[in-house]
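Asks: So you can see what is in the structure, the chains are spelled out below.
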Amino acid sequence: MVKTPIYMDNNATTRTDPRVVQAMLPYFTEFYGNAASRNHSFGWKAEEAVEQAREQVGSLIGAGAKEVIFTSGATESNNLAIKGVASMYKKKGNHVITAVTEHKAVIDPCKRLERDGYHVTFLPVDKFGRVSAEQVAAALTDKTILVSLMAANNEIGTLHPIKEIGKVCKQKGVLFHTDAVQMVGKVPLDVDEMGIDLLSLSAHKIYGPKGVGALYVRRKDPRVRLDPLIDGGGHERGMRSGTLAVTNIVGLGLAAELCRKELDVEAKRLIGLRERLKKGIEAELGDVYLNGHPTERLPGNMNLSFAFVEGEALMMGIKDVAVSSGSACTSASLEPSYVLKALGVGDELAHSSIRFGLGRFNTEEEVDFVIDDVVRAVNHLRAMSPLFEMHKQGIDLKTVQWAAH
Amino acid sequence: MAYSTKVLDHYNNPRNVGSFDRADPTVGTGIVGAPECGDVMKLQIKVDPVTGRIEDARFKTFGCGSAIASSSLATEWLKGKTIDEARDIRNTSIVEELSLPPVKVHCSVLAEDAIKAAIKDYQDKQANLVGSAATAAS
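Just so you know, the sequences run in chain order E and V.
Heads up: take any position in the first sequence, counting from 1, add 1383, and you land on my numbering.
Heads up: take any position in the second sequence, counting from 1, add 625, and you land on my numbering.
To be clear, the hints were calculated from the coordinates, so they are not data collected in a lab.
Bear in mind the structure is a predicted one, so any value in this text is a computation, not a measurement.
Hints may be right or wrong, so weigh each one.
[Unchecked claim] Here are the simulated BS3-like pairs of lysine-lysine, each with C-alpha atoms no more than 30 Å apart in a straight line: (1) E:LYS1475 to E:LYS1553; (2) E:LYS1781 to V:LYS671; (3) V:LYS745 to E:LYS1781.
[Unchecked claim] Far from chain V, some chain E residues (derived; all Cβ distances over 10 Å): (4) MET1384; (5) LYS1494; (6) GLU1547; (7) ASP1610; (8) GLU1645; (9) ASP1647; (10) GLU1747; (11) THR1782.
Glycine residues also receive a C-beta, built at the ideal position from the N, C-alpha and C atoms.
Just chain E, same shape as in the assembly (with noise of 0.2 Å):
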């Protein structure tokens, strides 16, 4: 028996790996100095930890220890790196290109920027969720200062052409940021062979803990500059000021150099899981799509339609597994998933969808029995659905005329 409940929504965020909880708690209790305190071996011991996870972190992107910025998270990061990238170099231009699917700590200080006077660009994507290098290219202007554009997405586990588009960039003299909190960790990334500027993670999502992130600040060719988001003690090279978060920051360098370490077994791991999960559902319901790109994608994450139902309804009918849906019902807004809805796979599926985020403590027991249990409730569903019903009777949904409520 597997025990339960059983969590498969590691693309919201993970469990802190016991190793990086043990590696924090020194610093809770004995190790508690203030990292910017100069004069007292307190002090001394704080700021050594600090610097070991700048390393750390360094290590897993290609990126120096100096180029490395702690920050509270990555909506904190995307923040600095955007609003910080268009104000700093207003004088040079006021164009901002990003795309539709982008998590909102991007798209939001993107809106603020273009309320701000600036001017956006959300390119869109294509039925995979990818925006390609050409696009990019096509959007440049001689006022574009920054390409902001996710290395992998939150709800179907996409890949971008991240190289590709980091030599478009380079080209032509423009900032590349990328939010790579979902692909750090999870797939290589090298900042320089990648040809990225800035890029944003964040520790909860690589089994280290909440409150934590950083922004990878490229050094040379080019040096960047940002304009602070928060002044004070000018901590981070004057980028961010605020107290380090030591014991968080332990926790993330730690988290890093678990990753660097395991990625290559992990990833090869999780692809098996993830196509077990995939195969062990189609054997058994017909009508279930993939969202998302069928190779390009996260090792995790497994974004699935199934026709005729509905995403919360199938949620409670698997209660005692943790998983995501894209469904209006599942937020607040009673608005479908504005990723899926870019895809174009129509709003009915993007009701219809669950992500499976699977991660580094999930087992094969776990992946049959959620095989069992989803093949179950929607089934369960089905049969009480009037669509279901009708398709069986040979009925094509999309002709019929509905009375829209």
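Given the coordinates of chain E, work out where chain V should sit on it, guided by the hints.
Replies: Here is chain V on its own, set in the frame of chain E:
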């Protein structure tokens, strides 16, 4: 947000799932909602021609657990009622019975709409029958 015990009960053991023949003159069918809105309810009543009471009811629903529970509950309430009594079923009573939170009130509204649509369909059919009978007689 946790679901109420009653919503869970209707979800796990839905009452009166199924379909009647839409062409049957004693059957009224109401289909409301749209797939792109995330909920579609089909609610059917079968009226005893002698007593004028609803002798049976069926539903099929595409929607969240609260939508399923609202329509399942509606079929229970419809059985044994006259058309006029059925028309008096209010969404607020469904909200109360199932302890639906504000964000799920629209599910109960949809159920009320489905009841009204089913009644209208039944009455239209009856009017047509009377009409065609009158035409035949003249």
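Asks: Hints first: check each against the structure and report whether it holds.
Replies: How the hints compare with the structure:
Proposed proximity of E:LYS1475 and E:LYS1553 is supported: the alpha carbons are some 16 Å apart, at most 30 Å. Under the criterion of a C-alpha separation no larger than 30 Å, the hint pairing E:LYS1781 with V:LYS671 is consistent with the structure, at around 29 Å. A C-alpha spacing of about 25 Å is found between V:LYS745 and E:LYS1781, which places the hinted pair at or below 30 Å, so the restraint holds. Remark: the non-interface label on E:MET1384 is consistent with the geometry, its nearest Cβ contact in chain V lying 21 Å away (cut-off 10 Å).
With a least CB separation of 25 Å from chain V, E:LYS1494 remains clear of the 10 Å interface cut-off, as annotated. Chain V leaves E:GLU1547 outside its interface by the beta-carbon criterion, the shortest separation being 35 Å against a cut-off of 10 Å. Against the 10 Å criterion, E:ASP1610 stays outside the reach of chain V, whose nearest CB is about 40 Å from its own CB. Even its closest Cβ contact with chain V, about 36 Å, leaves E:GLU1645 beyond 10 Å, as expected for a residue assigned away from the interface.
Every beta carbon of chain V lies more than 10 Å from that of E:ASP1647, the smallest distance being close to 40 Å; the non-interface claim holds. Distance check on E:GLU1747: its Cβ is at least 28 Å (rounded) from any Cβ of chain V, clearing the 10 Å threshold; non-interface status holds. Distance check on E:THR1782: its Cβ is at least 12 Å (rounded) from any Cβ of chain V, clearing the 10 Å threshold; non-interface status holds.
Hint compliance for this structure: no hint is broken.
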